[in-house]
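K.L.:
Following the hints, complete the assembly by docking chain B onto the known chain A.
First to last, the protein sequences are chains A and B.
Per the numbering used here, the first sequence runs over residues 1 to 238.
Per the numbering used here, the second sequence runs over residues 239 to 590.
Derived by calculation from the structure, the hints in this document are not laboratory data.
It is possible that some hints are incorrect.
[Claimed, not checked] In silico EDC-like links for lysine to aspartate or glutamate, alpha-carbon gap of 20 Å or less:
| no. | chain 1 | residue 1 | chain 2 | residue 2 |
| --- | --- | --- | --- | --- |
| 1 | B | LYS423 | B | GLU295 |
| 2 | B | LYS482 | B | ASP284 |
| 3 | A | LYS117 | A | GLU99 |
| 4 | B | LYS366 | B | GLU557 |
| 5 | B | LYS572 | A | GLU142 |
| 6 | B | LYS482 | B | ASP469 |
| 7 | B | LYS482 | B | ASP341 |
| 8 | B | LYS572 | A | GLU139 |
| 9 | B | LYS423 | B | GLU434 |
| 10 | B | LYS572 | A | GLU118 |
| 11 | B | LYS423 | B | ASP341 |
| 12 | B | LYS572 | A | GLU99 |
[Claimed, not checked] Listed below are several chain A residues computed to face chain B (Cβ distance under 10 Å; list not exhaustive):
| no. | residue |
| --- | --- |
| 13 | ARG62 |
| 14 | GLU139 |
| 15 | ARG143 |
| 16 | GLN145 |
For every residue, glycine included, the Cβ atom is placed at its ideal position computed from N, Cα and C.
The chain contents come next:
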Amino acid sequence: MSAALALGDDALVLSHRLGEWAGHAPVLEEEVALSNIALDLLGQARVLLSLVGDEDELAYLREERAFRNLQLVEQPNGDFAHTIARQLYFSVYQHLLYERLAAGGGELADLAAKAVKEVAYHRDHAEQWTLRLGDGTAESHERMQAGLEALWRFTGEMFQPVEGLDATGSGVDPQELEDAWLSTVTGTVERATLTLPTGPRTGAWTAGAGRQGVHTESFGRMLAEMQHLHRSHPGASW
Amino acid sequence: MAAVTADQKTQSTSGTAEAAGRTAGTAPDVADAARLAVFDAAVAADDRIEPRDWMPEAYRATLVRQMAQHAHSEIIGMQPEANWITRAPSLRRKAILMAKVQDEAGHGLYLYSAAETLGTSREELLDKLHAGRQRYSSIFNYPTLTWADVGAIGWLVDGAAITNQVPLCRCSYGPYARAMVRICKEESFHQRQGYELLLALSRGTEAQHAMAQDAVDRWWWPSLMMFGPPDDASAHSEQSMAWKIKRHSNDELRQRFVDICVPQAEALGLTLPDPDIRWNEERGQHDFGAIDWTEFQEVLKGNGPCNEQRITQRRRAHEEGAWVRDAAAAYAAKHTPSVPDAQQAQHVEETA
Chain A
1 MSAALALGDD
11 ALVLSHRLGE
21 WAGHAPVLEE
31 EVALSNIALD
41 LLGQARVLLS
51 LVGDEDELAY
61 LREERAFRNL
71 QLVEQPNGDF
81 AHTIARQLYF
91 SVYQHLLYER
101 LAAGGGELAD
111 LAAKAVKEVA
121 YHRDHAEQWT
131 LRLGDGTAES
141 HERMQAGLEA
151 LWRFTGEMFQ
161 PVEGLDATGS
171 GVDPQELEDA
181 WLSTVTGTVE
191 RATLTLPTGP
201 RTGAWTAGAG
211 RQGVHTESFG
221 RMLAEMQHLH
231 RSHPGASW
Chain B
239 MAAVTADQKT
249 QSTSGTAEAA
259 GRTAGTAPDV
269 ADAARLAVFD
279 AAVAADDRIE
289 PRDWMPEAYR
299 ATLVRQMAQH
309 AHSEIIGMQP
319 EANWITRAPS
329 LRRKAILMAK
339 VQDEAGHGLY
349 LYSAAETLGT
359 SREELLDKLH
369 AGRQRYSSIF
379 NYPTLTWADV
389 GAIGWLVDGA
399 AITNQVPLCR
409 CSYGPYARAM
419 VRICKEESFH
429 QRQGYELLLA
439 LSRGTEAQHA
449 MAQDAVDRWW
459 WPSLMMFGPP
469 DDASAHSEQS
479 MAWKIKRHSN
489 DELRQRFVDI
499 CVPQAEALGL
509 TLPDPDIRWN
519 EERGQHDFGA
529 IDWTEFQEVL
539 KGNGPCNEQR
549 ITQRRRAHEE
559 GAWVRDAAAA
569 YAAKHTPSVP
579 DAQQAQHVEE
589 TA
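Chain A on its own, in the form it takes in the complex (with noise of 0.2 Å):
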């Protein structure tokens, strides 16, 4: 169940990403809605995992190189608009393939049936945030098209294969997602009057490397944060 474990990952480590916001949101609000986001990931992530096998296993004792999700979800929060760009991309690409889960059957179907629904929320809540920072204040529009540029190189990766997919027998194929993926993020960056970045999004380097375990700088970090206390503790239970 490769794909499974490349699924769970991405929720996992954005799940985690989302977790650094607590106590730290522009408005109480948002401390309620951020983490509520998470807390959906986190719950996606175990699933997943634990169809791979055992869920605390997979998080706390594989290194880096082992980790398969994208470089996208590991990128670090910057401010508030560079999360909510993440969130753009990243929800409408998890919408449009756990929609399509969802309906091809297969092994992974009943629970991107169920996740769908939490995905949903996910992206409106992104988009009505692109919205409100593109046309907001002229800080926030400048912030928020900043966001979108500095994350947009990372999206490319999105529409690689994803590798035992397959062989869930859900019949979905990433790269037919992408022009879905591109109309409807043309369309929330448009109304928010921003403009589509237009560099490259699938540079030689970041092209599917997160699914072949290459990472970030920042994501080794993210880890030792992350990891640190299981592994202080071999074969704890806690």
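P.N.:
This is chain B only, laid out in the frame that chain A set:
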């Protein structure tokens, strides 16, 4: 059913108060005396005071102070626990902790809303918190140094909060009492989870057991301080009890808490860091050692281990979020039909 009855009674008393105000319009002293009599009778009858009812200004001010402090405690209280979200040692524990911190933000929201029924606003209250003009619970000025602290906070700090707050579910001010009913349900769930976390550590490896004991050693006395100063030094107690905002004295609640914790500590296989705790047959309660009130006063004055850090982080989150709130307001202004437009539309309809 009981709540409905109480609401109906409150409505009828508020009607009486308004009537009294109208008929005695020319004699404010008489009118106030009449309103006060209605208020006192409602409190004596255990009726709920509702936002539109007349109430003494001092009652309103006390409630605003207490509810704001309560709301602030939920918000600041997110910090010591959020400190461990990214290091939680299992995915199950991480999910529980995230859900708990999320609930605390929700409790803050309920409590600010309840406080707003008294004519203040969340913005105003947060400004006072940031300026150091309103307090939050002294307990959150202690640091979370190990994972076991998350369990100790759940068991002891939430346990103390529940002991304090369950009587508030019968507080004379309706919106506060109703918020507390919702909050206490979630808090007791958190408390059980904290206890269960400590139990797992206590029964785990030697190192885990030692971690649990160390956390209880550090959190026990600060938890007892959460009940406030001793009865003979408590400034607001007497009036709050007369108004039925408070139902029991600080010392009564503290004693109740100690009596609950002693057998729980035994069941956990952990000791409480007080050599003077023993059962007093005569009183039917536990005796316990003296609290270090100097430390309590220092923490209240801002000299606790984390006072500076907690308020700085809160201010920073607020200041760094200002552009986001401004953006939301600017967007709303652009995309909500303005009042003149709406009036114009109505005018067109009327003339058509």
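K.L.:
Now look at each hint and say whether the structure bears it out.
P.N.:
We went through each hint and held it up to the structure:
no.: 1; hint: LYS423/B x GLU295/B; result: 31 Å, violated
no.: 2; hint: LYS482/B x ASP284/B; result: 8 Å, holds
no.: 3; hint: LYS117/A x GLU99/A; result: 9 Å, holds
no.: 4; hint: LYS366/B x GLU557/B; result: 14 Å, holds
no.: 5; hint: LYS572/B x GLU142/A; result: 18 Å, holds
no.: 6; hint: LYS482/B x ASP469/B; result: 16 Å, holds
no.: 7; hint: LYS482/B x ASP341/B; result: 27 Å, violated
no.: 8; hint: LYS572/B x GLU139/A; result: 16 Å, holds
no.: 9; hint: LYS423/B x GLU434/B; result: 17 Å, holds
no.: 10; hint: LYS572/B x GLU118/A; result: 29 Å, violated
no.: 11; hint: LYS423/B x ASP341/B; result: 11 Å, holds
no.: 12; hint: LYS572/B x GLU99/A; result: 34 Å, violated
no.: 13; hint: ARG62; result: 13 Å, violated
no.: 14; hint: GLU139; result: 5 Å, holds
no.: 15; hint: ARG143; result: 7 Å, holds
no.: 16; hint: GLN145; result: 13 Å, violated
Consistency note: the structure conflicts with the earlier hints numbered 1, 7, 10, 12, 13, 16.
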